[in-house]
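Asker: For the record, the sequence lines run as chains A and B. When the letters of the first sequence are read in order and numbered with the numbering used here, they come out as residues 128 to 430. When the letters of the second sequence are read in order and numbered with the numbering used here, they come out as residues 128 to 430.
Worth flagging that the hints you see were computed from the coordinates, not collected in a lab. Each hint should be verified, as a subset may be incorrect.
It does not matter which identical chain is used: a pair holds within one copy or between any two.
[Stated by the list, open to error] Straight line, CA to CA, 30 Å or less: simulated DSS-like cross-link-like pairs of lysine-lysine:
1) K365 to K175
2) K236 to K365
3) K144 to K419
4) K144 to K180
5) K236 to K268
2 protein chains.
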Amino acid sequence: MIEIVFLGTSSMFPTEKRNHPSVLLRYEGDYMLFDCGEGTQRQLRIAKISPMKINRVFITHWHGDHALGLGGIIQSLSASGREKALEIYGPKGTKKYVSNIMNSFSFVKNFDIEVHEILPGKKICKVLEAEKYEIFSCATKHNIPTVAFSFCEKERRKINLDYVKKYGLVKHPILGRLQNGETITWKGHKITPAKGTVLVKGKKVTYIADTSYDRILEEISKESDLLICEASFANEHKELAEEYAHLTAETAANIAKNAKAKELILFHFSQRYGDDLEHLHNEAKKVFPNTKLANDFMRIVLN
Amino acid sequence: MIEIVFLGTSSMFPTEKRNHPSVLLRYEGDYMLFDCGEGTQRQLRIAKISPMKINRVFITHWHGDHALGLGGIIQSLSASGREKALEIYGPKGTKKYVSNIMNSFSFVKNFDIEVHEILPGKKICKVLEAEKYEIFSCATKHNIPTVAFSFCEKERRKINLDYVKKYGLVKHPILGRLQNGETITWKGHKITPAKGTVLVKGKKVTYIADTSYDRILEEISKESDLLICEASFANEHKELAEEYAHLTAETAANIAKNAKAKELILFHFSQRYGDDLEHLHNEAKKVFPNTKLANDFMRIVLN
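Turn these sequences into a full structure, and let the hints guide you.
Answerer: Now the structure itself:
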């Protein structure tokens, strides 16, 4: 099960209802933050998620609104007796910024911070391979080094119940070995993984923060079950989107459509619209009907 | 008129209802922040106070919960076209911390930041003299360099209406000159400021954040109209207060009593009490009856 919690959905300026960007992706025991804007630790508290569970943070870029919550989380983890290392992934400059954050206030650090700088050039690159998932990244087109991320659950085997039933095999520990890809013998019959299991495609969640349009965004989003994408502006402010290297909701919808994504959730709205986001939503839905607007504390479960 | 707005009243860990410490003091055109915990810019937004109006920030010490909101405010001010300098006052180390904050994320700074380090030694020192008020500071007893602040409105002249009325002088621009301390002549009569005006004592507001008890706290709080004081712990956790160099509510009340303060407002409560602060409040009120507990967004006006 993949659970997504939107912790912050504003852009540079927070509003009464929206905090700075941060999205939590939980997959089994792994708690991953995508961006970590100022105030994220309080948003976690309100969402009743312990920051102690977070093991990985992926920073798209080092504009303050995407990263200024890191210091507070690091201080609170230290004060809570954290010992497990925290992994931070981000674009060029991440090592320097993390080091400066650690020297921007006084605290006693009790745990290691492992920083991984991502240098994708013009390609999509794999930045992490875990047992059951991989994280990919690519550069986006913003005014400082910025990356997007894609969480890809690996293909997994599922028992072909109809097939194993033929041999009277139902609910038995030996099925675990078959699911792990072993050939098993049951009552004198060999059952191979090729016949006794089916391969199920893993889920894919892509996270795109600040960027102008670029074809690579469609590549990294390709066939995503869920595409989380910035939509700072509505069409009425298309020029501002271009000037500040951001997306309109309509362009985000086009990316989702061309990538054949299943669902699009927009976030990172300019404060100028306040709660009045209906026109921005409609502009996206015209292009990609399965578009939702994120709110702070919205939760999505992908099964 | 002095207006105080509590922007954050928690201690290190924020809660659902309390953000990290920050208190705004507004006096005529001056907007001064005392401490600036993470999330202060959003609290300002919710309180409908423009960060652009802030001209001075007083940081008691550089634990993250008192200072990690500075970076976000600086970024937002820059993005909003701020040109006026921002003054930051804080204890030893402030120059280094401010410089590291500026390098802990990417932004374009458009305005000057003037940093003033306070080195009070064992005495109370004046850190700022404005036209109508002064700010004093002293070191407090915490585990890193920490200071307290006192805002003192200067004594001001008020027209002695009964006296000037004798000469038939009511509502006339010449009264402005008298109020400014000039001797005036009205219908052949000399009216001196000594007789034509009375001196009114200015208001005093003292802000004490993290500290153990020290006699100097009573000195700096002396005859404050309002003493804002940390009260991390209730008496049941007296040992923790000592271990972490904090005050109990009862000790804060003793400071207010010995300083002959008029009113005490407690803030900076340990998260462990949640909303259950009645016992802490009662322990303080037994010693100093005019004690209130601060909540986020509470406003106080001193006339």
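Asker: Each hint should be assessed against the structure and marked as holding or not.
Answerer: These are the hints, each one checked on the structure:
For a Cα distance limit of 30 Å, the shortest separation of K365 from K175 across copies, 29 Å, qualifies, whereas the shortest one inside one copy, 38 Å, does not. For a Cα distance limit of 30 Å, the shortest separation of K236 from K365 across copies, 26 Å, qualifies, whereas the shortest one inside one copy, 45 Å, does not. Proximity of K144 and K419 under a CA criterion of 30 Å is satisfied in both settings, with 17 Å inside one chain copy and 29 Å between copies. Proximity of K144 to K180 under the C-alpha cut-off of 30 Å is found in both arrangements, the shortest distances being 25 Å within a copy and 22 Å between copies.
Proximity of K236 and K268 under a CA criterion of 30 Å is satisfied inter-copy only: 22 Å between copies versus 35 Å inside one chain copy.
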